[in-house]
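Chemist: Note that the protein sequences, when read in sequence, are chains A and F.
When we follow the numbering used here, the leftmost residue of the first sequence carries the number 1, and every step to the right adds one.
When we follow the numbering used here, the leftmost residue of the second sequence carries the number 1, and every step to the right adds one.
By construction, these hints were calculated from the structure, which means they are not laboratory data.
Below, in silico cross-link-like pairs of lysine-lysine (DSS-like), each with a Cα-Cα straight-line distance of 25 Å or less:
id	chain 1	residue 1	chain 2	residue 2
1	F	K59	A	K5
2	F	K59	A	K42
3	A	K5	A	K42
4	A	K124	F	K59
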Amino acid sequence: MGVRKELERSIHDYTTSLRRYALVLTRNGDAAEDLVQETLVKAIAASESWEPGTDLRVWMFRIMHNTHISERRRHQVREQAKPMLPKPVDTTDPTIRIELQQVLDALDQLPESQRQPIVLIALKEMSYAEAAQALDVPLGTFYSRIGRGRIALRRIIDDIKSKRPKLIVCMEKHE
Amino acid sequence: MTENIDTGMNAYLDGEIGPEEAAEIEAQLDVDPEARAQFDAFLRQKAQISEAVDAMDAKPQNLETARLERRLATAIHMRSTPRKVIAFGAWSRMGSQLAATCAFMAFGWWGHATWSSQAPSVPEYVAEAMGAHLVFADDILHPVEFSGEDISGATTWFSEKVGVSINAPDLSDQGMKIVGTRLLGTREGPLAQFIYEHNNGGRFSLTLHRHLANQPILPFEVVEYPNRTVAYWSTSDIDYAMIGAGDSTLIQTLAQRLGAKR
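Next comes chain A alone, as it looks inside the complex (with noise of 0.2 Å):
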């Protein structure tokens, strides 16, 4: 395989990864696709600044985790998902789809701080060092937030299911 093919074959497993992460980050697969191209258009803007040697992949989640930020992109963002939820995950059993809308809604209770890191790790893109440089803050807070983060999403998981409404069957009595 060419250089450039091979380059555009990354490429194109980064977006994807991206894309895996905006979903989580936006919980709305059109706000997803637009933050990603948004990144892209800012990386695109942008590769002069990427330095030969270093990687690109962490360069690129960089830009979006910055783009993501930004308070023009969170308040848009996330207002405009709101309304839709809880649409986004659809699976056939729906014990299971329950309990993964649950940790997408906890996920949305925590801080951006620790919600960014848990979320890094789950989908598997990335080491502990590479995310710390992706969001750009020291290997030693990366370890507290994600720490910090998953204790409180695990409160928060048992919380919303101590209030889920539980089903009550009456029976009448036949004399």
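Given the structure of chain A, go ahead and fit chain F onto it with the hints provided.
Modeler: Below, chain F alone, put in the same frame as chain A:
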């Protein structure tokens, strides 16, 4: 449960620790039900996030996104491909292939890359030299292994390690002052790197590697990258690579001067 256990547990869950630390965490999980419950919950969270994304990510590729991907590939390709090759001698026909390959080998130096070309005709020491330059010579704050008066003693040690007599070339008549040196291990053997600073503040590195008897003697070649120029050549006993930022004329002059001194 302490924060240390939490930290270790997360790192274990994500495959970020070695086997010994992993064994410690596993032992801890075996005797601590609370930690086990926490670990199982974290494991479930992680799997469910991934599953949720799989369920959402079912759309075919967006055409506009595909177009942008190709445009980015073009921009990055231009960024990482040498602009021109100045070849001397019979190997000129290999120039562009070699140049492109060197550029992409630099992506993969010491396993830091996420993608790289693995063309078989690359002089590996040149790619190693480029990687070493990117890490050490361009970083003004990074300490060199030997500096000042230690350089002379270091070259004796280098000569023993590399297996041929090596000296730090004096380039003071070209406005170049040697600032340090280090010895690097590569797959093809030790590589001696000398770092110079020009009057204008630019950093240059000269790397020397024992020429392997089964490899061709490379004529002098200069390859330009977006921000750096590499000149490389071989003699019967040493392979050379001179790397610096910007001015390719200066690199050529320095490299040819070194060749003449030899």
